[in-house]
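Protein chains: 2
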Amino acid sequence: MKIALLGHGTVGRGVDNIIAHHVPQVEVKRILELPKFCTEPRMTPNFDDIVNDPEIELVVECMGGLEPAHTFICRAMDAGKSVVTSNKAVVAEFFAEFAQKSVSNNVGFFLEASVGGGIPWIASIAKVRRIDEVSSFSGIMNGTTNYIIDSMAKEDLDFDVALGRAQELGYAERDPSADIDGIDVRNKTIISASVAFDVACTKDLPVTGIRTMTKQDMIMFNQNGRQVKLLGRGVQRDGRYAVAVEPVALSAHSMEAAVPSNFNLVSLEGTTIGDLKFYGQGAGSLSTGNAIVQDVIDCANGIRPQFDFSRGLKYDPTLLTSSYVFRTTAEGPSDATLYGRGAWVVPHLTAVEARALFEDVLKQDPTAFMAALSRED
Amino acid sequence: MKIALLGHGTVGRGVDNIIAHHVPQVEVKRILELPKFCTEPRMTPNFDDIVNDPEIELVVECMGGLEPAHTFICRAMDAGKSVVTSNKAVVAEFFAEFAQKSVSNNVGFFLEASVGGGIPWIASIAKVRRIDEVSSFSGIMNGTTNYIIDSMAKEDLDFDVALGRAQELGYAERDPSADIDGIDVRNKTIISASVAFDVACTKDLPVTGIRTMTKQDMIMFNQNGRQVKLLGRGVQRDGRYAVAVEPVALSAHSMEAAVPSNFNLVSLEGTTIGDLKFYGQGAGSLSTGNAIVQDVIDCANGIRPQFDFSRGLKYDPTLLTSSYVFRTTAEGPSDATLYGRGAWVVPHLTAVEARALFEDVLKQDPTAFMAALSRED
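Top to bottom, those sequences are chains A and B. So for the first sequence, the numbering used here puts the first residue at 1; every next one is plus one. So for the second sequence, the numbering used here puts the first residue at 1001; every next one is plus one.
Simulated from the structure, these hints should not be mistaken for lab results. In this text, all values refer to a predicted model and were calculated from it rather than measured experimentally. There's no promise every hint is true.
What the hints assert, rightly or not - Quick list of in silico lysine-lysine cross-link-like pairs, BS3-like style, CA-CA up to 30 Å:
no. : chain 1 : residue 1 : chain 2 : residue 2
1   : A       : Lys215    : A       : Lys154
2   : A       : Lys203    : A       : Lys363
3   : A       : Lys36     : A       : Lys2
4   : B       : Lys1127   : B       : Lys1203
5   : B       : Lys1002   : A       : Lys127
6   : A       : Lys154    : B       : Lys1215
7   : B       : Lys1127   : A       : Lys29
8   : A       : Lys215    : A       : Lys363
9   : A       : Lys127    : B       : Lys1029
10  : B       : Lys1215   : B       : Lys1363
11  : B       : Lys1127   : B       : Lys1314
12  : B       : Lys1363   : B       : Lys1203
13  : B       : Lys1127   : A       : Lys2
14  : B       : Lys1203   : B       : Lys1314
15  : B       : Lys1127   : A       : Lys127
16  : A       : Lys215    : B       : Lys1154
17  : A       : Lys2      : A       : Lys127
18  : A       : Lys314    : A       : Lys203
19  : B       : Lys1002   : B       : Lys1029
20  : B       : Lys1002   : B       : Lys1127
21  : B       : Lys1036   : B       : Lys1002
22  : A       : Lys314    : A       : Lys127
23  : A       : Lys154    : B       : Lys1154
24  : A       : Lys2      : A       : Lys29
Work out the full structure, taking the sequences as your base and the hints as a guide.
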């Protein structure tokens, strides 16, 4: 099978390299690159050379960003080519359009590398769905924030020091907002919900990050037998679904609490299979490249994943409720009770209500922190 | 696709049921049963009715035991039929023969349900191997012993009380030897090593269970920041491999230490993918039935797993070395040092040497307990 790569950065080069050494049945025929980086005959700065080449059956998009990635993915599928992408931003924004094009053009749309790096998460959801409905999923989907939390917990670091170390190690960007404000997890949660529930998941989910988390917050939760992790979560029931991204204070004995460094742990619950959890490197060029090549091999083996979001699941925030702890100098509502020093807890809020309350609190106290309390059975 | 079930016990009925409700492309045409249980037209007590039926493309063996399961699997493959089995004992004993027959008859041999229940472990190893070598694997592969250990740790129970409770809950057999002496894990380790390393794995691996573990042993390891789990492990390097089954004292902060109740956690390390871990129900009719049906669907989709053990990996126990703790009244060798009350530790033993030393110790002190110390980086 002949394929084309869009982009030849770290991930693209990794994919090129793995295919050359390990996948003899696949040939990288063309590579889209900027004119100044076109250093070998396979490279072209012109997408037309790829989309108009009938020999190319599969286009691997590893450019990142919304445009021109979105346009190139659509044009490739309209030209009858399957697409592999690792670009979570473009999938979260345009999944409904890509899903429709995968069906109408009868091509495969592969996105394993967009969530959970090298963890076979998307393929596992799809496999479980051959038999079960997925009733819920949840996960540590961002390695950077897990590294920050883990360093704060194990080495007693302040947030800013842990963030600085993550930046030194290349885990966090110079502008870390996408990680610490939960935007990256939001994109991965949208994609996971779309695959798990067959729904064009809303982009208007409640999203709270860990930007204001302090060492004292961690100590307070630890004293209550809990460890905070930033989770993306989704549930579905009776034709309705809900999703959220927020810090969750989990049992210190949970599997999630034990996830070290920049690793990811993603979980699902299926109707007959019960709980399944998957752990691995959530990012990095090797694991992302590996996930892309797994998709390429599946495509070479004739597999053509398609997505159909026509079942019309309704968004219903009441499916996702918790008690929420707010550490703040602001005053709580009338049903708030004391949780710890300078912190109060409100029972039975939806994630949407909790986010709205947190936004009010932040107006009075921009240093405030909020976390959901997981139910401990 | 038309298939036959060998056996209609709990698992067989579950498979029948899941296929009827969720897999319209598959029909269970015949079911092998004892004459007295043949209560419907699909059932027959005669295997010839199945093996001679050219419409039946796949035989699902869920009888258990070595014979006649072994003979029936061979006859089905020789008749050009693919085979799905959940029978770890028969696979561990005859994998080399089954592997050879899968290749020579060009049929699929599916064994997902034989290890890790509903965890997609065998399929994940096979997928990783499309790109990577698996350099090592390890795992909590027996839910019964994990339940016993977890109950001892969390509820402060004695071994016998925890075992009794596991028996009440149906997790442990009336004769629990296969679980607590590590035989079940031995079979699963042999199968995992065979798939991960492409080797007809030796049955002469060192096997130690948890039969003699006491609450005091757990406390001693806890005081050293460790939690004991019964692990199956394998490593390969430079054309050689080693495997072992033994209690391992892991960091109390490890993912393995956090595995609750009767769950399993299996891990592998691939050359480019790094660490992957998979968690779920390791046993039970629903999860085992689910794993069998996943294999059936793969077969209906044209997938035909085959195994080729001809690369001739050599068994080399020096690949698997640890420090080992012995809690015993017997005296240690000259390089033993104190580990805790009534316990000494010996550095740098192979698993085979440790097992030999433990057998000597048991002759003097049948209540002795041994555990490997995991390396903590």
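Outcome of the hint check:
1. A:Lys215 <-> A:Lys154: OK: lysine 215 of chain A and lysine 154 of chain A at ~11 Å, within 30 Å.
2. A:Lys203 <-> A:Lys363: Measuring from Cα to Cα gives roughly 24 Å; hence the hint holds.
3. A:Lys36 <-> A:Lys2: It holds: about 25 Å lies between the C-alpha atoms, which stays within 30 Å.
4. B:Lys1127 <-> B:Lys1203: The hint holds at about 25 Å.
5. B:Lys1002 <-> A:Lys127: Roughly 21 Å between the alpha carbons, so the hint for lysine 1002 of chain B and lysine 127 of chain A holds.
6. A:Lys154 <-> B:Lys1215: holds (28 Å)
7. B:Lys1127 <-> A:Lys29: holds (25 Å)
8. A:Lys215 <-> A:Lys363: Given that 30 Å is the threshold and the Cα spacing comes to 22 Å, the pair holds.
9. A:Lys127 <-> B:Lys1029: holds (25 Å)
10. B:Lys1215 <-> B:Lys1363: holds (22 Å)
11. B:Lys1127 <-> B:Lys1314: Given that 30 Å is the threshold and the Cα spacing comes to 24 Å, the pair holds.
12. B:Lys1363 <-> B:Lys1203: Between lysine 1363 of chain B and lysine 1203 of chain B the Cα gap is close to 24 Å, so the pair holds against 30 Å.
13. B:Lys1127 <-> A:Lys2: holds (21 Å)
14. B:Lys1203 <-> B:Lys1314: Given that 30 Å is the threshold and the Cα spacing comes to 13 Å, the pair holds.
15. B:Lys1127 <-> A:Lys127: holds (13 Å)
16. A:Lys215 <-> B:Lys1154: holds (28 Å)
17. A:Lys2 <-> A:Lys127: holds (27 Å)
18. A:Lys314 <-> A:Lys203: holds (13 Å)
19. B:Lys1002 <-> B:Lys1029: Distance of about 6 Å is within 30 Å: holds.
20. B:Lys1002 <-> B:Lys1127: Satisfied, since the Cα-Cα distance of roughly 27 Å is no more than 30 Å.
21. B:Lys1036 <-> B:Lys1002: holds (25 Å)
22. A:Lys314 <-> A:Lys127: holds (24 Å)
23. A:Lys154 <-> B:Lys1154: Holds, at about 23 Å.
24. A:Lys2 <-> A:Lys29: holds (6 Å)
Hint violations for this structure: none, all hints satisfied.
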